[in-house]
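Number of protein chains: 2
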Amino acid sequence: MSQYIAPIRDMQFVMRELAGLDAVAALPGCEEVSADLVDAILEEAGKFAGGVLAPLNWSGDQEGAKWNNGEVTTASGWKEAYNQFAESGWTALACDPQYGGQGLPKLISTAVMEMWKSANMAFSLCPMLTTGAIEALMLRGTDEQKDMYLPKMVSGEWTGTMNLTEPQAGSDLAAVRTRAEPVGDGTYRIFGQKIFITYGEHDLTDNIIHLVLARLPDAPEGVKGISLFVVPKFLLNADGTPGARNDVHCVSIEHKLGIHASPTAVLAFGDHGGAIGTLVGEPNRGLEYMFIMMNEARFAVGMEGLALSERAYQHALQYAKDRIQGTELGVRGGPKVNILHHPDVRRMLMSMRSQTEAMRALAYVVGAATDMAHLHPDDAVRARNQAFVDLMIPVVKGWCTENSVDIASTGVQVHGGMGFIEETGAAQHLRDARITPIYEGTTAIQANDLIGRKIAREGGATIKAVIAEMRAVLAEVGGVQDEAFAAIARSLDSGIKALEEGAEYIVATYGQDIKAAHVGSVPFLRLFGIVAGGWQMARAALIARQRLGEGGGDEVFYRSKIVSARFYADHVLPQAPGLAYTVVNGAAGALALSEEQF
Amino acid sequence: MSQYIAPIRDMQFVMRELAGLDAVAALPGCEEVSADLVDAILEEAGKFAGGVLAPLNWSGDQEGAKWNNGEVTTASGWKEAYNQFAESGWTALACDPQYGGQGLPKLISTAVMEMWKSANMAFSLCPMLTTGAIEALMLRGTDEQKDMYLPKMVSGEWTGTMNLTEPQAGSDLAAVRTRAEPVGDGTYRIFGQKIFITYGEHDLTDNIIHLVLARLPDAPEGVKGISLFVVPKFLLNADGTPGARNDVHCVSIEHKLGIHASPTAVLAFGDHGGAIGTLVGEPNRGLEYMFIMMNEARFAVGMEGLALSERAYQHALQYAKDRIQGTELGVRGGPKVNILHHPDVRRMLMSMRSQTEAMRALAYVVGAATDMAHLHPDDAVRARNQAFVDLMIPVVKGWCTENSVDIASTGVQVHGGMGFIEETGAAQHLRDARITPIYEGTTAIQANDLIGRKIAREGGATIKAVIAEMRAVLAEVGGVQDEAFAAIARSLDSGIKALEEGAEYIVATYGQDIKAAHVGSVPFLRLFGIVAGGWQMARAALIARQRLGEGGGDEVFYRSKIVSARFYADHVLPQAPGLAYTVVNGAAGALALSEEQF
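Chains as they are written, first to last, in my numbering: chain A, 1040 to 1637; chain B, 1040 to 1637.
Note that these hints are calculated values from the structure, not bench results. Check the hints yourself; a few may be wrong.
Note: identical chains are not told apart, hence a pair may lie in one copy or across any two.
[What the hints assert, rightly or not] Straight line, CA to CA, 30 Å or less: simulated BS3-like cross-link-like pairs of lysine-lysine: (1) K1503 / K1263; (2) K1118 / K1105; (3) K1118 / K1536; (4) K1375 / K1536; (5) K1360 / K1263; (6) K1375 / K1263; (7) K1375 / K1503.
Please read all numbers here as calculations on a predicted model, not as lab measurements.
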């Protein structure tokens, strides 16, 4: 079983020096935010994550959630941990103060969220889904709905779920069939089956508030005929307490590769007369509402990629320090050493570490931009940041989650044979990570969004602006007389050129040959992530160099950061030109076979 | 649950047209081999693999092997399948006719082995380990040992195991501590604990023959003090039947990420007075014998990488054909289509397919070279082939197994959310594949072997010869006036240059800065595998083109082969230059941190 120690120093560095915590703190509504407050929050969250959640991660995986006759029992210790989580106010961190939230900026909740997900991803899904449901109600709920549900959801007394998927409607939500029939009193009876509902049933709280996509009678076909409903597990009494059991029942939970402790429910609505729900917002606009919230959810899943990578790195590093095997390379008859001495173990650990740092840097920068996009008084600044966030969300989601599978797999490899033994715990990270490139939109869905809505639709305007920012950083790096910085400049230069080549191809091809553009979409997303990560690591190296020159201390941290940036430049960024080649040239071979030739 | 249909057409193509089945059939001792015989074997093996072994793959995974008080029960159906396997003569395929084997060449047993491993990897490990033990006894056993054990091992009546690893001795076998004390009558008493013993205990046969590494009293420290012993589970009666229980007991079996149906035993030798064994070969040369056999074992694990990739591909392809989701890209309001229509699903499937074909081509070519190295009458031809085989074994092992993890993971991705559900079976391939880059020497161990013993030690002589062969193929491809061949030539050209650059760096650096060379070793192995796969796919494309020109039929197959080669050139080979960059430039960043900075 592995420990988790929140990487607070790196989080502070990224928040303060890369993501602009000061600028976020200067936003309207963020007056209370200060470096001290942030440090206090990180420290408390780190204690909770490492002390309460992390110890339940492996036992929760082994025990799993259990279904029995419609009821779901969470793993041992889960309920106590959840109660403590809610009582400590962690559910309310980023929520609106009007409903009991603390209203802290996204940048801070991002760092805290990373900790929950590193410590115990299966646990973290419960508050994450609740946040999604809270946002849906905040966005389009009536005042009555808000008053009924939000205070108890923000406090963690109740949890929330998102009910989108049906057996025939996964990536294609146009195929949703669940029906909603108006009762006549403002409520609706919901009939249908939803699958893959995270924490769709559990024993942590005495009510669960389901947000459900369904079709009204005579709704148009396809995506424009889907409405959003709120359907509580227990209908509310007049005093707001849970009353009669609603007709939504958990038929089964899934037997999954990972996140065993997170119950993934099949929910049957209306098998006994209809589940009572109320409409959220206007009819037939449910999918539109979902899309507005989707950025948040996709960002959060991207954070899972980062968080699992951090956890897998810590786990592998600890093993590498403890495991004695072989002697130092090139030393005959020397003493046995720990495997951290072996060059390939080093390479693996540096690969895990540098990519994790790059993902954190990029994700937090996007988190801070979200705050700017929401809160900055200047319209132009808000718009610019929103465009950046919109562009980067599919990259954060797709790149960080795909990376996490590779990084967790590398973590298994560092353990050698022990990595394959479940008790070691390294394999759990790989099993848990494997869902992240799938849910909240597969990597292909992210890549479609990236090249279509986020790039081609605006002729590549925002990505061109981002590339210009990258070039400015490159110019600065190129001006430093130092071997490491020269290496960073060399790889970043070819990386940026590759990204630009790929982006130009996407813009030019999307309207002409959409299938060809789509063949390149996932390689392009990966290319974008790699180069964006290199950009942020180059920024980090420049800042580290400046701090070292100032002589303000923390030398070990800043020197390590430059090493990490250099490793990334030598081992990760060099993949960029090959990916650009594939983006530009890969369509013909991918599309040539007829279905019969497969 | 997925079906497995042996890819007999591609196997035939690779054996006949790439690996030189005719030349193998012309070798002394292979007089009976003919294309018809091979076809008959492939067909029978394919029936057995698809009809008997494949249906047990998923149920075996779910049920697993069970330990109870020292006894291990295999999963339901296992024993019947094993009996049928042995009765059908499959255990004896490649064995020496002197002991009941069929003495078929490696090229044929390679194809058959691929089928067992695709159909049911956990099952296939039992005959695979037995083959290893048979080879150890063939190699250095006394006539008495051979007569006692080999006929029943070849017939499958008994199985064999290899006992190397101990808790403190994994990659570093110099640390083996198991002791062997001479009794005085020619036997030894063995004391110690061995871990990770595949099929170290089971209920399939009435004896198990353990090959065990142990130290004699006063043996030198380190690798030169390790001897090899044969230790049967049941001592033999005078008539050769199993008699008294020997003092080797299964203390537990591991709870693993994958290959659940393959019992991985902890074996205690000598807890009750000593396990009786006899010495194999000379004292203190056990590790040397192991290394001689290791090529075979490593090749076999490389085949697991290929085999699991094939299985994952078939599984994902079937799902993609069956799963209806969304409409054709660029067609508004069109009918729902299967996901094979979506460009990124195409890309994923082609990536799985083209890499699997490339691995098969390379592995079978190495298999045929093994036959040439063993059987060709001309010393120079034998030596040349042996050098090629020695060079390529770590590539086949390292590259195919690392690929299989990625490919099985891509298979999960093709399934979307269903891929994460265990009942789908796609996740099992990923879980099973994850052991392959670890056992029989991790990828780092393969890469060390590759750059040290196989390249630097001889100044790169063999790899230079291989690169020259690649260049000859490139020249031929470059001469074809065709868009697909032009694309293949372009990527193969830069791939070969990258490989040469990497090889020159290894040769130049290994003696000067061994740690730097080792940092690049795994990226170099991957680079070598990618380019060697591209080389074989280019050969395949040239042959396919020739056959199409001849008009002899089989057009769909040959046209698909050219598409596959082209896809590989556009999507896989472009990774080569980036890997070469990392090989050459990656050391400084990887080695810069002190242990305290981690």
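Going through the hints against the structure:
1. K1503 / K1263: Result: close neither inside a copy nor across copies, 33 Å intra and 63 Å inter.
2. K1118 / K1105: Result: close within a single copy only, 14 Å intra versus 33 Å inter.
3. K1118 / K1536: Neither: 51 Å inside a copy, 59 Å across copies.
4. K1375 / K1536: neither (46 Å within a copy, 39 Å between copies)
5. K1360 / K1263: Only across copies: K1360 and K1263 sit 28 Å apart there, 56 Å inside one copy, limit 30 Å.
6. K1375 / K1263: between (67 Å within a copy, 17 Å between copies)
7. K1375 / K1503: neither (53 Å within a copy, 36 Å between copies)
Hints 1, 3, 4, 7, counting from the list given before, are not met by this structure.
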